[in-house]
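Residue numbers (the working numbering), protein chains in the order written: chain A, 1 to 335; chain B, 1 to 332.
If you are wondering where the hints come from, they were derived from the structure by calculation, not from laboratory data. By construction, the Cβ of each residue, glycine as well, lies at the ideal position given by its N, Cα and C atoms. Just to be clear, a hint being listed does not mean it is correct.
Claimed, not checked - Facing chain A, a subset of chain B residues (Cβ under 8 Å, in silico):
id, residue
1, V119
2, T239
3, L299
4, L301
Spelled out, the chains give:
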Amino acid sequence: MGRILSRINFRSWKFLIGLIVLVTWIYCYVANQDITNSVVASGMRFAMPLALAAMVGIMCERSGVINIGIEGTMLLSGFTGFYVASFTKNIILGLVISILTGVLTSFLHAMMTIKWKMDQIIAGTIINILASGLTSFLYKQGSTIPNTWPIFDIPILSNIPFIGHAFFSQQGPIQYLGLLLIPGIWVMMYKTRWGLRTRSIGENPGSADTAGISVIRMRMINVMIGGAIGGLVGGFICLELVGSFSNNFTAGAGFTALALMIFGRWNPLGAFAAAILFGLAQALATQLQIFGINNVPNQFITMLPYVFTILVLAFAAGKVRPPAAAGKSYEKEKS
Amino acid sequence: MALGIGAILIAAQGHSPLKAYHVLIIKGFQSTVGLQSTLSKAGILIMAGLAITVGLRAGLFNIGAQGQVLSGALAFSYVGYRIHGLPIWIHIPLALIVGAIFGALVGGFAGYLKASRGVHEVISTIMLNSIAAAIVDYLTQNQFKLKNQPNTRTADILGSAKLPHIFGYPTGFLIAVLLAIFINWLFKRTTTGFELESVGRNRAAAWYAGISVKRTIILGMVFSGAIAGFTGGIFTSETTGYFVPAFYSGIGFDGITVALLGRANPLAIIPGAIFIGGMRSAQSAIQFEAGVAPDIINLLLALVLFFATAPFLAKLIKSESKTLTTTSGWGS
Numbered sequence: 001m002g003r004i005l006s007r008i009n010f011r012s013w014k015f016l017i018g019l020i021v022l023v024t025w026i027y028c029y030v031a032n033q034d035i036t037n038s039v040v041a042s043g044m045r046f047a048m049p050l051a052l053a054a055m056v057g058i059m060c061e062r063s064g065v066i067n068i069g070i071e072g073t074m075l076l077s078g079f080t081g082f083y084v085a086s087f088t089k090n091i092i093l094g095l096v097i098s099i100l101t102g103v104l105t106s107f108l109h110a111m112m113t114i115k116w117k118m119d120q121i122i123a124g125t126i127i128n129i130l131a132s133g134l135t136s137f138l139y140k141q142g143s144t145i146p147n148t149w150p151i152f153d154i155p156i157l158s159n160i161p162f163i164g165h166a167f168f169s170q171q172g173p174i175q176y177l178g179l180l181l182i183p184g185i186w187v188m189m190y191k192t193r194w195g196l197r198t199r200s201i202g203e204n205p206g207s208a209d210t211a212g213i214s215v216i217r218m219r220m221i222n223v224m225i226g227g228a229i230g231g232l233v234g235g236f237i238c239l240e241l242v243g244s245f246s247n248n249f250t251a252g253a254g255f256t257a258l259a260l261m262i263f264g265r266w267n268p269l270g271a272f273a274a275a276i277l278f279g280l281a282q283a284l285a286t287q288l289q290i291f292g293i294n295n296v297p298n299q300f301i302t303m304l305p306y307v308f309t310i311l312v313l314a315f316a317a318g319k320v321r322p323p324a325a326a327g328k329s330y331e332k333e334k335s
Numbered sequence: 001m002a003l004g005i006g007a008i009l010i011a012a013q014g015h016s017p018l019k020a021y022h023v024l025i026i027k028g029f030q031s032t033v034g035l036q037s038t039l040s041k042a043g044i045l046i047m048a049g050l051a052i053t054v055g056l057r058a059g060l061f062n063i064g065a066q067g068q069v070l071s072g073a074l075a076f077s078y079v080g081y082r083i084h085g086l087p088i089w090i091h092i093p094l095a096l097i098v099g100a101i102f103g104a105l106v107g108g109f110a111g112y113l114k115a116s117r118g119v120h121e122v123i124s125t126i127m128l129n130s131i132a133a134a135i136v137d138y139l140t141q142n143q144f145k146l147k148n149q150p151n152t153r154t155a156d157i158l159g160s161a162k163l164p165h166i167f168g169y170p171t172g173f174l175i176a177v178l179l180a181i182f183i184n185w186l187f188k189r190t191t192t193g194f195e196l197e198s199v200g201r202n203r204a205a206a207w208y209a210g211i212s213v214k215r216t217i218i219l220g221m222v223f224s225g226a227i228a229g230f231t232g233g234i235f236t237s238e239t240t241g242y243f244v245p246a247f248y249s250g251i252g253f254d255g256i257t258v259a260l261l262g263r264a265n266p267l268a269i270i271p272g273a274i275f276i277g278g279m280r281s282a283q284s285a286i287q288f289e290a291g292v293a294p295d296i297i298n299l300l301l302a303l304v305l306f307f308a309t310a311p312f313l314a315k316l317i318k319s320e321s322k323t324l325t326t327t328s329g330w331g332s
């Protein structure tokens, strides 16, 4: 505990924001429990897909590959997952297909960036354009899935005051899975040999190679694990959160996720915290809109995540340090 | 190759690929009407491609041409319908310049964010696309909306803001080709072009040579945005005559395909633009006559882009393949 406390910089602006959020939260909770609970629950529903998408970015960039194709990965996997689920009336099969699609898409991305050493930004853009072209071409209206996953409370845990309601109630299974997955990735990244290797090839692939790590193979694996998570997010949105596929349903979420990744300094837990902050803000704005408290035109509400992304990047990106080798394809020196 | 994969996909949906491509060629390139519309679209695409090209040369990947086109087009339309009594040779240039300025503002903002705050332009311009779309949507639904009209649109632009046709063929194409020649000259012969290119090739070396890298990055984005805004103006002036946001969808992204096809060479992008212009102008015909969903064109273009930029193919084709590089990490 003391170690954690000594790490917190009490004068940093992030700490202040956290404090303000916490105080407001408790105040609202005391004032009106039901509304606070529903806002927090919907905030978590906004936050989780973004947080998981940010994990994709972290997996890739920690190993030295910039992935701006997250958007396209989610779009494609949501598409295939939804249509398989609607065709076979089997949601679980749909989710499996989603994840497989994610892996395949990222395999293409990995081939382009790692094997063929294409420009990583262009490779990601190709994935995005390909995904939106393919899905809008094959899109047919009127398909439905039998049902989405039920929303339920986790026993015991959901009774913890404040936190219980935020994390453990009124959500579906993938949401809860995400709660396990994100700390899991953090542990893998910082506490295992695999994580150390991943981080080393993202920082200095040359010396990692000298130490006997196969840079190309590690990068391929990381990008594809990232793709599996991206596929999960696509399935998550289409099969659990929304329950349908619509053209371009991602609407820039893949890019917002990258901003959250940067905001969280390429750390899974940091990105998750950033996503929660963002999700709560979004939920609050929506709630205010419903109550008619503010009469801001809805275009400006739609604009919020984009403005947020730019602001975060403008005020955080300059000071943070990305993995040193992110964006550079690795070429083995010839002897 | 892209056409081959496209054919398989069309066949998979139960339509005849041959018929679809036949319609594509007839509608796009053979009839006079088709040719006019192809050239008009090609002109727009050349300009959009130029906007991206200028960025690429300076090492900037301007994905946000879409938002810049929209802002430029709305600004153009406003000047086009609001200011009365100007002769055509003042009204058109004035409106176009205002359009270009608005495009440049959006682009320049992304450039400023990159130069001073280190925000990667791909993300900032994508976000600015959405922001510009939302603002433009808001303005067309409120302040700029044509009254007593069920549709959200602005008023028609005045006759003095419409580009005349030359012998029935669109002027925009001519302007686009001239612009391409001008940009080519700019990069080959002027200091500004040289500075942009040096920063694109090697930022550190450019800095050692005494070029202000930050200024040049902003300049590159301003320039790129200005061309995109200009494109929006020309498109409004020549094709639609009033502003509805949906008209402009896809221009910026086709511009990316065009620029990458032409390997960021101002003159080499022209044939690619004509090809894509043809596909775009046959887009609705392909649905009516061959029964294929018009989105097939988007798909084909994505495939074309993939095969055009995949280096293993570039090696086969043996074109002077300067590999395009825009990535240099998030930091700088």
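Cross-check of the supplied hints:
no.: 1; hint: V119; verdict: 4 Å, holds
no.: 2; hint: T239; verdict: 23 Å, violated
no.: 3; hint: L299; verdict: 4 Å, holds
no.: 4; hint: L301; verdict: 7 Å, holds
In terms of the numbered hints stated before, the structure departs from hint 2 and from no other.
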